[in-house]
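Participant: Each chain, letter by letter, is given below.
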Amino acid sequence: MTRLNVSDLSVRRHARSVLRDVSFSVEAGEFIGLIGPNGAGKTTLMRAVLGLLDHEGASSVAALPREERAKAVAWMPQAREIAWPVAVETVVMLGRTPHLSSIQQASDADHAAVETALAEMDLLHLRHRAATQLSGGEQARVLIARALAQQTDLVMADEPIAGLDPAHQISTMQTFASLANKGVSSIVSLHDLGLAVRHCTRLLLLGEGGLVADGVPHEVLTPERLARIFGVSAFYQSTDQGPVYQSLEVTR
Amino acid sequence: MTRLAGGLSLGVVLLAVASLLVGPAGIGPGESLSALIRGDGGPLTLVMREIRMPRALLAIMIGASLGLAGAAMQGYLRNPLAEPGLIGVSGSAALGAVLAIHTGLAASFALALPLAALTGALGAVALVMALAGPRGTSLTLILAGIAVSALAAAFTSLVLNLSPNPFAANEIVFWMMGSLADRSMLHVWLALPFMLLGAFLLARLGRGLDALTLGEDAAQAMGIDLPRLRLMLIVGTACVVGSGTAVAGAIGFVGLVVPHILRPFVGAQPSRLLWASALGGAIMVLAADVAVREILPARDLKLGVLTALVGAPLFLHLILKLRQERI
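Same order as they appear, the protein sequences are chains F and Y.
Numbering of the first sequence is given in my numbering, commencing with residue 1 and proceeding in unit increments.
Numbering of the second sequence is given in my numbering, commencing with residue 1 and proceeding in unit increments.
For the record, the hints were derived by calculation from the structure and aren't laboratory data.
Check each hint, because a few of them may be wrong.
Residues from chain Y shown here face chain F by an in silico Cβ test under 7 Å; the list is partial [stated by the list, open to error]: (1) L77; (2) R78; (3) L81; (4) A147; (5) S149; (6) Q220; (7) G223; (8) P227.
Just so it is clear, CB atoms sit at the ideal spot from N, CA and C, and this is done for glycine as well.
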């Protein structure tokens with residue numbers, strides 16, 4: 001089942017083209033890594049797909065009415081903003097916002113979704129703490145849990161693992177992978193290509209003002225593209241312990 | 001949570017009764033309350049129903065409005081230093097009133113002054129919305145509000161500057177300090193519809209303000225209609241603050257301090273802070289209005305002066321406390 005369809009999406013800002021003619025679609029159960037150098041347009045692409053940014057071309061998600069869209073896709077922005085010292089579980093409960101009408105109280109199903117998300121992100125012991133008092137990495141986990149609690153078929157997250165410790169980086173990637181096994185697709189932007197090749201089922205490589213490559217990790221990350229787009233050489237091999245990627249040297 | 005609601009409601013009721021019992025007429029409590037309720041048409045009933053009753057009602061209405069609007073504004077801007085006057089409504093309402101006093105319009109009929117102030121508030125809203133645009137962010141709203149406030153303040157100074165005689169200037173300055181003295185039920189009936197409309201609009205913002213805790217992008221992706229939320233916030237704030245300023249002048253610091261004090265008691269959740277601040281605001285203005293009558297009964301101490309005198313140090317204290325927590 002198709003979760004998202006993007007065709008010929010272009011974004012201009014101040015008469016300058018940021019992204020040109022990006023087309024791809026996302027099927028159920030895919031865990032997509034969105035990669036590309038700084039300024040390649042990863043955040044722009046995700047915001048345009050969500051309809052948060054003016055764009056040309058079509059995105060099936062952006063075309064949905066506001067309430068429908070909130071039930072179809074969860075979005076975790078890069079700016080990890082938590083404005084008030086609210087409790088962790090209250091933040092996670094915000095993910096249920098699209099499922100409640102304006103006066104409705106949280107139901108058992110809502111509380112269950114919050115519990116699952118808290119457990120998934122290893123936050124049960126922090127649930128009553130003020131979210132603003134947590135460390136940056138812990139806050140990131142709270143915000144991922146918030147997105148998970150929305151229980152949508154598609155999750156989009158902008159650099160969710162930046163600033164997390166290695167164990168939580170891996171477990172977060174595993175969370176997205178296990179969501180994929182349940183049919184929930186995700187698009188996650190990230191800079192750690194090593195984690196991307198190990199966990200993602202598919203990579204979208206952005207650069208040169210558009211989509212450069214789209215496919216399984218070893219097809220996307222060829223030495224030629226790594227040099228051209230990222231300007232690095234790399235060690236990338238399939239080992240008994242899965243694929244291993246390590247950037248080596250700057251080539252330009 | 002219910003304990004907080006109960007405590008605050010009890011505070012409002014007790015202070016409202018106290019407000020009814022305080023005044024220069026020097027009537028015993030039992031006597032005054034029975035005159036209020038029975039209504040035998042005598043002078044006592046007149047004092048209670050036409051002088052003290054509107055004063056207590058206006059204190060509740062204005063305090064609740066300022067608290068509610070302050071909580072909503074802080075929630076929308078995600079900034080504990082925001083206050084309802086930020087969008088220029090109170091400054092422009094004051095300008096309308098000042099113009100009415102200056103031109104002599106205020107003396108022509110009973111409600112001329114509040115109506116002129118309301119017109120000023122409405123003008124400010126129109127100007128702010130035109131400046132901020134329909135799809136702007138919170139930052140454009142702040143900038144537009146600052147521009148309109150500055151413009152209103154400049155025109156107010158100009159009117160004072162050009163005022164024909166010291167008495168007019170005196171009257172303007174005193175009016176701007178804010179007071180609930182000598183208001184009638186007419187003022188209550190004038191302000192009430194606007195305040196009810198504004199409170200209705202602001203009270204519905206809870207869920208959107210909660211979602212905004214995570215930023216504008218996240219809130220929008222959770223299905224919150226931000227342009228609509230902002231419109232409801234601006235119109236709601238303009239209704240409650242504009243009508244409040246119209247009948248009582250500028251009463252500062254309530255919308256700033258009350259949400260700040262109550263935030264820890266509601267787990268910092270913006271939606272819960274709305275109703276708590278409404279009750280808290282009513283308490284603060286009722287208490288301040290009782291205090292101005294008790295502290296200097298003969299000198300007509302202005303309500304706005306007292307709220308600023310109490311509010312500013314309280315605010316400083318809160319900032320110091322915040323600083324300790326952050327470090």
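Participant: Work down the list of hints and note, for each, if the structure agrees.
Facilitator: Hint check:
1. The interface hint given for L77(Y) is violated, since its Cβ lies 9 Å from the closest Cβ of chain F, which is over the 7 Å cut-off.
2. Interface hint status for R78(Y): upheld, as the beta-carbon distance to the closest one in chain F is roughly 4 Å, under 7 Å.
3. About 13 Å separates the beta-carbon of L81(Y) from the nearest beta-carbon of chain F, more than 7 Å, and the hint is not met.
4. A hinted interface residue such as A147(Y) counts as satisfied when its beta carbon comes closer than 7 Å to some beta carbon of chain F; here the least separation is about 24 Å, so the hint is violated.
5. The closest approach between the C-beta of S149(Y) and any C-beta of chain F is roughly 24 Å, which is over the 7 Å cut-off, so the hint fails.
6. Contact between Q220(Y) and chain F, as hinted, is supported at the beta carbon level, the nearest pair being about 6 Å apart and thus within 7 Å.
7. The interface hint given for G223(Y) holds, since its Cβ lies 3 Å from the closest Cβ of chain F, which is under the 7 Å cut-off.
8. The closest approach between the C-beta of P227(Y) and any C-beta of chain F is roughly 11 Å, which is over the 7 Å cut-off, so the hint fails.
Comparing the model with each earlier hint shows violations of hints 1, 3, 4, 5 and 8; every other hint is respected.
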